[in-house]
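There are 2 protein chains.
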Amino acid sequence: MDKIGICGGGLIGASWALGFSSNKYKVFVYDNSKKVREEFLNTVKSLYEDLTILKDISFNEIKSNIVICEAIEDICKDATLIQESIIENLEEKQNIFIELDKFSNKETILASSSSYLLPSEIGIKIKQKDRCIVAHPALPPHVVPFVEICPSKQTSDITIEKAKKIYQSAEYIPIILKKEIEGFVLNRLQGALLNEAVRLHEEGYASMEDIDISLKHALGIRWAFLGPFEIMDLNAPGGIKDSFTRYKPGIKKLAEQQNSIPDYSDDYILKLEKEQRLRLKSSDRDNRIKKRNQLIALVRKLKLENGE
Amino acid sequence: MDKIGICGGGLIGASWALGFSSNKYKVFVYDNSKKVREEFLNTVKSLYEDLTILKDISFNEIKSNIVICEAIEDICKDATLIQESIIENLEEKQNIFIELDKFSNKETILASSSSYLLPSEIGIKIKQKDRCIVAHPALPPHVVPFVEICPSKQTSDITIEKAKKIYQSAEYIPIILKKEIEGFVLNRLQGALLNEAVRLHEEGYASMEDIDISLKHALGIRWAFLGPFEIMDLNAPGGIKDSFTRYKPGIKKLAEQQNSIPDYSDDYILKLEKEQRLRLKSSDRDNRIKKRNQLIALVRKLKLENGE
Numbered sequence: 001m002d003k004i005g006i007c008g009g010g011l012i013g014a015s016w017a018l019g020f021s022s023n024k025y026k027v028f029v030y031d032n033s034k035k036v037r038e039e040f041l042n043t044v045k046s047l048y049e050d051l052t053i054l055k056d057i058s059f060n061e062i063k064s065n066i067v068i069c070e071a072i073e074d075i076c077k078d079a080t081l082i083q084e085s086i087i088e089n090l091e092e093k094q095n096i097f098i099e100l101d102k103f104s105n106k107e108t109i110l111a112s113s114s115s116y117l118l119p120s121e122i123g124i125k126i127k128q129k130d131r132c133i134v135a136h137p138a139l140p141p142h143v144v145p146f147v148e149i150c151p152s153k154q155t156s157d158i159t160i161e162k163a164k165k166i167y168q169s170a171e172y173i174p175i176i177l178k179k180e181i182e183g184f185v186l187n188r189l190q191g192a193l194l195n196e197a198v199r200l201h202e203e204g205y206a207s208m209e210d211i212d213i214s215l216k217h218a219l220g221i222r223w224a225f226l227g228p229f230e231i232m233d234l235n236a237p238g239g240i241k242d243s244f245t246r247y248k249p250g251i252k253k254l255a256e257q258q259n260s261i262p263d264y265s266d267d268y269i270l271k272l273e274k275e276q277r278l279r280l281k282s283s284d285r286d287n288r289i290k291k292r293n294q295l296i297a298l299v300r301k302l303k304l305e306n307g308e
Numbered sequence: 001m002d003k004i005g006i007c008g009g010g011l012i013g014a015s016w017a018l019g020f021s022s023n024k025y026k027v028f029v030y031d032n033s034k035k036v037r038e039e040f041l042n043t044v045k046s047l048y049e050d051l052t053i054l055k056d057i058s059f060n061e062i063k064s065n066i067v068i069c070e071a072i073e074d075i076c077k078d079a080t081l082i083q084e085s086i087i088e089n090l091e092e093k094q095n096i097f098i099e100l101d102k103f104s105n106k107e108t109i110l111a112s113s114s115s116y117l118l119p120s121e122i123g124i125k126i127k128q129k130d131r132c133i134v135a136h137p138a139l140p141p142h143v144v145p146f147v148e149i150c151p152s153k154q155t156s157d158i159t160i161e162k163a164k165k166i167y168q169s170a171e172y173i174p175i176i177l178k179k180e181i182e183g184f185v186l187n188r189l190q191g192a193l194l195n196e197a198v199r200l201h202e203e204g205y206a207s208m209e210d211i212d213i214s215l216k217h218a219l220g221i222r223w224a225f226l227g228p229f230e231i232m233d234l235n236a237p238g239g240i241k242d243s244f245t246r247y248k249p250g251i252k253k254l255a256e257q258q259n260s261i262p263d264y265s266d267d268y269i270l271k272l273e274k275e276q277r278l279r280l281k282s283s284d285r286d287n288r289i290k291k292r293n294q295l296i297a298l299v300r301k302l303k304l305e306n307g308e
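Those protein sequences? They're chains G and F, same order as listed. Taking our numbering, I'd label the letters of the first sequence as residues 1 to 308. Taking our numbering, I'd label the letters of the second sequence as residues 1 to 308.
Some hints could be false.
As the list claims (entries may be wrong) - Distance windows between CB atoms, simulated: (1) F/Arg246 - G/Arg279: 13 to 23 Å; (2) F/Lys253 - G/Asp286: 22 to 32 Å; (3) F/Arg277 - G/Ser64: 41 to 51 Å.
Said to hold, decoys possible - Derived contacts from chain F toward chain G, CB cut-off under 8 Å, selection only: (4) Ile68; (5) Leu177; (6) Arg188; (7) Lys252.
None of these hints come from the bench; they were simulated from the model. Note that CB positions come from ideal geometry on N, CA and C, so glycine has one too.
All chains should be built: construct the whole structure from the sequences, respecting the hints.
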């Protein structure tokens, strides 16, 4: 059984642990907080229910593949890959990477779950830069199958190929960025949509409720199984070339109006909060997160059943 | 039984006819092409299969609620609402609206399916501007439940409220724009995402395949049942205010890099076509459209079963 090190025992770490341990990996987990270490299996357990929608596996089997470690050295020794999932702070990540670099074999891949920081910056202080990547999951990684692998200029091709195979063997669908960029692909696509949602709301064209409906009851239903380039292939009889030729004047005209940078002022954020609370209760948040994870698993299951 | 007029018998018209006729409306259809009129029921039949995933209704029942008319007057007389779905050309729409205005009662709502043109422009030549709206569906409207109602400054509140109720009674989920804007909500959100997908591809950060994966295997799974503002409420312990306060430096920084306007040059479109054809066959397009419609219906069914 190959060994995966998990550094950081919060929700992301627990979600990764579930993803790997349910796919025949032995997972070794470290967190510098004793309390987090002691709670870790409970955190995994709380996410396990979502996984049962997708997979027939007992919690005992998962538990038998997870080892909680009291020292960072123990997750490093002979690990195939170490998935760092501590807080999103560059200095802390740089320091933990120095330790991971020191205690692991030279072949071990060092992967950060960062959603935003560049691998060249996270790994700047380590010796073996060729084995350093960002492997950013989509939340939560025990039910969403996606991971985006972002190498730096120093990352070796062998590292990229090996990482891709490891994630695939744990049932993830990895993509490979060809060069590093802040926000990678996922958060850049998400940010572009979010900024336009905010422009439409702030400038008074539609309510938050109506903008949410436009995504979840229209665009999102298609986007659950088709990407933007696949969709453009279906939007005109001649395929993607025909679609872009027909629609480019409209798309470009919109782009010209979509290049303002929303201010996100404190006043505006308060306005968002106020409108939100008229329709969604804060006290209900945990239930909504639970339902989100279940629905993600159900949509994923539906896709798998239909060969997607 | 209330009467709906459908003006234009292409795919959109047929899809609307299916949506209304399966919800206890009597649908009267007109197209100026005899061939289109003669083919209309076959077009409806070809879409009917998708609907059976969602609904237990016979094609005979649907057929009994559809009347093909040889004159535009016949779809107008005593109609509650007329859904215009002819080609996306401003002059042709303006001219057809003159006719619809002339032959219908003053209370009949005149709704255009336009995805881009403004209601103030489409209705500029008619007398009764208070009853003119754009009601833009998401494709295809026999399985996607969404419609965005865009009024002009001249549209009356009564028209907006009445239209909303009509679409709701036919199981659509309507949103109401507060003022008109090109691309409405749906195509503006879609365009913002598409432009960023193209930036990432054109500047060499990721392949079309990998960008498609980021949407369909990550973002889209969530977006199938949650809108952007609902998601932001779940992304930080303190809800949407907390989320935007934490993440606004990152979101704004991305926005600053996302304000270029892709050129969509002929060379670039050819490059897209070439990369696309390496992974998706043109000859397979009809099957992919069929599968898209079925999967939309299946995701919609899953959502309804889960109270979404």
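Results of checking the hints against the structure:
1. Taking 13 to 23 Å as the suggested C-beta distance range, the pair arginine 246 of chain F and arginine 279 of chain G conforms, at roughly 22 Å.
2. Distance hint check for lysine 253 of chain F and aspartate 286 of chain G: the Cβ-Cβ separation is about 31 Å, which falls inside the suggested range of 22 to 32 Å.
3. Distance hint for arginine 277 of chain F and serine 64 of chain G: a CB-CB separation of about 48 Å, consistent with the stated range 41 to 51 Å.
4. With a cut of 8 Å, the hint placing isoleucine 68 of chain F at the interface with chain G is violated, because the nearest CB-to-CB distance is about 25 Å.
5. The beta carbon of leucine 177 of chain F is positioned within 8 Å of a beta carbon in chain G (closest approach about 6 Å), and the interface hint is therefore held.
6. With a cut of 8 Å, the hint placing arginine 188 of chain F at the interface with chain G holds, because the nearest CB-to-CB distance is about 6 Å.
7. With a least beta-carbon distance of about 6 Å to chain G, the hint placing lysine 252 of chain F at the interface is held under the 8 Å criterion.
Comparing the model with each earlier hint shows a violation of hint 4 alone; every other hint is respected.
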